[in-house]
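2 protein chains.
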Amino acid sequence: MKELILNLIDSGNYSEARKKLIEMNEVDIAQLLEELDKQKLLIIFRILPKEIAAGVFSYISNQLQEYIIASITDREIKNIIDELFLDDTIDFLEEMPSNIVKRVLQATDDETRKLINQFLKYPEDSAGSIMTIEYVDLKKEMTVKQALEHIKETGVDKETIDTCYVLNENRILEGVIPIRKLILSDETTVVKDIMDTDPVYVNTHDDQEKIASLFKKYDLISMPVVDNERRLVGIVTIDDVVDIIDQENTEDFQKMAAMHPSDEEYLKTSPWVLAKHRITWLVILMISAAFTGNIINKYNNILQSIVILTSFIPMLMDTGGNAGSQSSTLIIRGLALGEITTRDIFRVILKEVQVSFICGFVLAALNFIRIYFLEKINLLVTLTVCVTLFFTVMLAKIIGCVLPILAKMLKVDPAIMASPLLTTIVDATSLMIYFTFATWILHI
Amino acid sequence: MKELILNLIDSGNYSEARKKLIEMNEVDIAQLLEELDKQKLLIIFRILPKEIAAGVFSYISNQLQEYIIASITDREIKNIIDELFLDDTIDFLEEMPSNIVKRVLQATDDETRKLINQFLKYPEDSAGSIMTIEYVDLKKEMTVKQALEHIKETGVDKETIDTCYVLNENRILEGVIPIRKLILSDETTVVKDIMDTDPVYVNTHDDQEKIASLFKKYDLISMPVVDNERRLVGIVTIDDVVDIIDQENTEDFQKMAAMHPSDEEYLKTSPWVLAKHRITWLVILMISAAFTGNIINKYNNILQSIVILTSFIPMLMDTGGNAGSQSSTLIIRGLALGEITTRDIFRVILKEVQVSFICGFVLAALNFIRIYFLEKINLLVTLTVCVTLFFTVMLAKIIGCVLPILAKMLKVDPAIMASPLLTTIVDATSLMIYFTFATWILHI
Chain A
1 MKELILNLID SGNYSEARKK LIEMNEVDIA QLLEELDKQK LLIIFRILPK
51 EIAAGVFSYI SNQLQEYIIA SITDREIKNI IDELFLDDTI DFLEEMPSNI
101 VKRVLQATDD ETRKLINQFL KYPEDSAGSI MTIEYVDLKK EMTVKQALEH
151 IKETGVDKET IDTCYVLNEN RILEGVIPIR KLILSDETTV VKDIMDTDPV
201 YVNTHDDQEK IASLFKKYDL ISMPVVDNER RLVGIVTIDD VVDIIDQENT
251 EDFQKMAAMH PSDEEYLKTS PWVLAKHRIT WLVILMISAA FTGNIINKYN
301 NILQSIVILT SFIPMLMDTG GNAGSQSSTL IIRGLALGEI TTRDIFRVIL
351 KEVQVSFICG FVLAALNFIR IYFLEKINLL VTLTVCVTLF FTVMLAKIIG
401 CVLPILAKML KVDPAIMASP LLTTIVDATS LMIYFTFATW ILHI
Chain B
1 MKELILNLID SGNYSEARKK LIEMNEVDIA QLLEELDKQK LLIIFRILPK
51 EIAAGVFSYI SNQLQEYIIA SITDREIKNI IDELFLDDTI DFLEEMPSNI
101 VKRVLQATDD ETRKLINQFL KYPEDSAGSI MTIEYVDLKK EMTVKQALEH
151 IKETGVDKET IDTCYVLNEN RILEGVIPIR KLILSDETTV VKDIMDTDPV
201 YVNTHDDQEK IASLFKKYDL ISMPVVDNER RLVGIVTIDD VVDIIDQENT
251 EDFQKMAAMH PSDEEYLKTS PWVLAKHRIT WLVILMISAA FTGNIINKYN
301 NILQSIVILT SFIPMLMDTG GNAGSQSSTL IIRGLALGEI TTRDIFRVIL
351 KEVQVSFICG FVLAALNFIR IYFLEKINLL VTLTVCVTLF FTVMLAKIIG
401 CVLPILAKML KVDPAIMASP LLTTIVDATS LMIYFTFATW ILHI
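Residue numbers (our numbering), protein chains in the order written: chain A, 1 to 444; chain B, 1 to 444.
Check the hints yourself; a few may be wrong.
Claimed, not checked - Capping the alpha-carbon separation at 20 Å, the derived lysine to aspartate or glutamate pairs in DMTMM-like fashion look like this:
hint	chain 1	residue 1	chain 2	residue 2
1	A	LYS216	B	ASP198
2	A	LYS181	B	ASP157
3	A	LYS20	B	ASP198
4	A	LYS145	B	ASP186
5	B	LYS408	B	ASP157
Derived from the structure by calculation, the hints contain no laboratory data.
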C-alpha cells in the first residue's frame, strides 16, 4: 500500500493517491508520514481531506507536527484546528515552542482562541488539561424521542455520544445516561426517570492518576469533569486514560531505575537530555556508595587477617540488594494499584518477616553446602558468611517493604525508594552485619 | 451509607436495606461485601436484585466468589450465571477449584454449559479467553431504521452496543459500524454504505498483549475476534483491556525485580507462595555472584599489596549496576510500548555510546575531585579508579541496551534481562576492568 501511494505521488496522480489514502486508517497514515522525507510528507498531508488531515495530525509525533505547522498557510492551520477535538489541540500545543503556539492562536477565531487559552491554563496532568468539551448535553425534562433528535442534530462534532450528560439551566450536572439506555427505552419515557443521578465525576484540578484509578475501579468509558460549583466543563474519554496509565507506568519504571521521569520517546530524545535525566541519581548513589567503601576501610584489619572474607563481599551485597528490591517492587506496585494502603504496614511487615525467613534460610543453607563442602573453606568463616547472609536477607526485605510505605505516608512517591537507593542502604548494612559477625565468630 | 445499611440489616429491615443498596454503584457494594463478616455478606448478597447481584459478583475477590458459590443454592447459582456476561463467567471459573467449576456447570442449562466449556478451552491470556459473545450483529442490507429496531429488540443483554458488527449469512465479518454513525445517519440509508469494511480484528488464539497494543494504537473501544475462517465469534471490550495493561505492566515490574510473575494480590498471597516466586532467581543470582568472588580471589595479591583498592569495589560495582539498569529499563519499556523495535539496535547502541560517554566522564571527574583532592589518595590509585569507572559506565550502558534487544530477537521476554541479572554481569566485568587497569597503571 505504501509503495503504491508513493508511486502515485511520484507520477503526479494525486487524485488516485488521495482515494487510496482515504481507505486507510488515520493511525496508519500517520505511521506512513513518519517514514517519509519531508517534501513527500507535506504533499501527502495536503491532499488529505481536512477531517482526515486533522485526525492524522493528532497521531503524528511532536517533531512532525511542528514541521507541518511551520510549513503550511494560516488558512490550512485554521482548518486543522477547527477539525481537531479540543483535547488533541491542547495536547499538541502543550508540547510546541512558543512561536508555534502563537502562530496557531493567531490563525484561529476569537472563540476557539479564548477556549484554548483557558484550557492551557489548567495545570499539566490535571483533569482540566486532558478533558474535551465535545460532549452531548440533555435536559431532564426531555423525552427519549426528543433526546435522540437533539443528539442527531448536534452529535456530529462530539468526541463521544456513548454517554449523554443531563444539565440544568445553570449547566450543573444532574445526571448521566448511556446512549444505550436511550435507544433501548420507550420513546415517551422522560430522561429524568432513567438517568443515573449519582455519576462518578472529577474536578478540573484533580490529578490524572486519580482519574485513571476511577476509570479502572468503575470500568468507565467516559467521565464528567466539573468545576467547584459542580457545573459540567468537559469530559475525559477512555482513550486518553489508556495513555495516562502507560505514562504513569513508564514514570514508575524510570523512577525505579533511578532516572528522572520523562514521557519523551527514547529514540526521539537527544543524548544530552537522556544523560541529564540519568546523571543526578548516578552521582547521588555514587557518593553514597563511598560510605560503603568507608566501612570496608574501617574494617581493613579484619580483611587483612582473613583474606578470603573479601571475596564474599559481592555475593552478600548483591543478594541483599536483590532480596530487598523484590520486596520494594511488590510493595510499590501494590501501592500504585491501590491493593495496599499505608494502613496495611503491619500486615506487610509480618508477611515479609515470614517470607524473608524462608528465603534467608534456603539461601544460607545452599551457601553452607557450597562454601563448606564444595569449596572446603574453614567452618567458622563459612558460618560467618551464612549467618550474615540470613540476616542480610531478613533486613533487606523488611527495609524494602517499610521504605515505600513510609514514603507514601510522607507524600513522597514510593517509586523513588526502589532498588538503586535500597541497594545502597542494604550494601552498607550488610557489610556492617558481616564485619560484626566476623568479629564475634572469628574472634578477630 | 455502610453503617446505615448494616443497622437496617441488624434490625431485620431488609426491604429498606435493599432500597439503599440499589442506589449504590455495584463496585461500591462489592467493596462493602469485602469488609463484612461472612454471615452478613451472605444476607446482603441474597437481598440484592439478581441483575445487581450478578454485577456485584463479577467485582468481588476470588475468595469471596468461592465462598458465595459454596453457600448458595443451585437455583441461585443459575440466576447469577444467567445474568453474568460470558467473559466475567469465564474469568471467575478460571480461578475456581474444580469442585466449584463442576457445581456451577451442573447448575446451568445445556446451552450455557456447552458455551462455557468451549470458552474454557481457549488458552489463558488468548483473545478467546477474554472475549464476550454479547454483541449486536446486523446484516449489510438493513436500512438504518431496521438496524436500530433490531438493536432495540435484541440489545438488552449485550455488553456493549457502541459498535455493531455486520455479518453475512455464514457469520463472516463484513464490516463494523459505530452506533453513533447509525444514530446520526438518515433512516433510509443502507448499512452497507456507511459501514467500515476494513476493521481491526484479532484471531481467537492471538495473545492478549497483541490485543492491548492494537487497542492503544487505534484508540479502540471494542474489537471483533474471529476464527480462522474470519467468522465472528466474540468481541473484546476496553474495560478488559485496561485490566490487561495493568497485568502486563505488573508482570514486567516483577520480572525486572527478579521474581516469577504472578497476578495474585500481595496481601492475599501466602508467605510460602511469595517465597516460592522469589527464591529461584535469588539462588541463581547468588550462585553467579560467586564468580565475582572468584575474580576477587584471583587478584588477591593486588588487593593485598594496595589495600585501599578494596574500598572502591562497592562504588564501582554499584555505579556500574545503576548505569546499566537505567539503560536496560528504558530499552525494555520502549520495546514493551513498541517505541523501539529490534531493527533499531544500531541506533540504540549509538545513542547509548554517546550518553554513557557523557555520564562516564562526569562521574569520573567528580570521583577524581573527591578521591585525589578531598581524600588525598595517591594519584595513580585515583587514576585507576576513575579510568575504571569511566569504562565500567560505558560498558554497563552498552550491555544494558544490547541484552534486552537480543532477548527480544531470541523471542525471550526482555524484562528478564533487567537490573538484577545485568548487575551480576556488570559486577564481574567491572572488577576485571579494575584489576586490569590496576596491573597496568600501578605496575603490580
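Hint-by-hint comparison with the structure:
1. A/LYS216 / B/ASP198: Violated - the C-alpha atoms of B/ASP198 and A/LYS216 are around 30 Å apart, more than 20 Å.
2. A/LYS181 / B/ASP157: Measuring from Cα to Cα gives roughly 12 Å; hence the hint holds.
3. A/LYS20 / B/ASP198: Since the Cα atoms of A/LYS20 and B/ASP198 sit roughly 13 Å apart, the hinted pair holds (cutoff 20 Å).
4. A/LYS145 / B/ASP186: Satisfied, since the Cα-Cα distance of roughly 15 Å is no more than 20 Å.
5. B/LYS408 / B/ASP157: Judged against 20 Å, a Cα distance of about 42 Å means the pair is violated.
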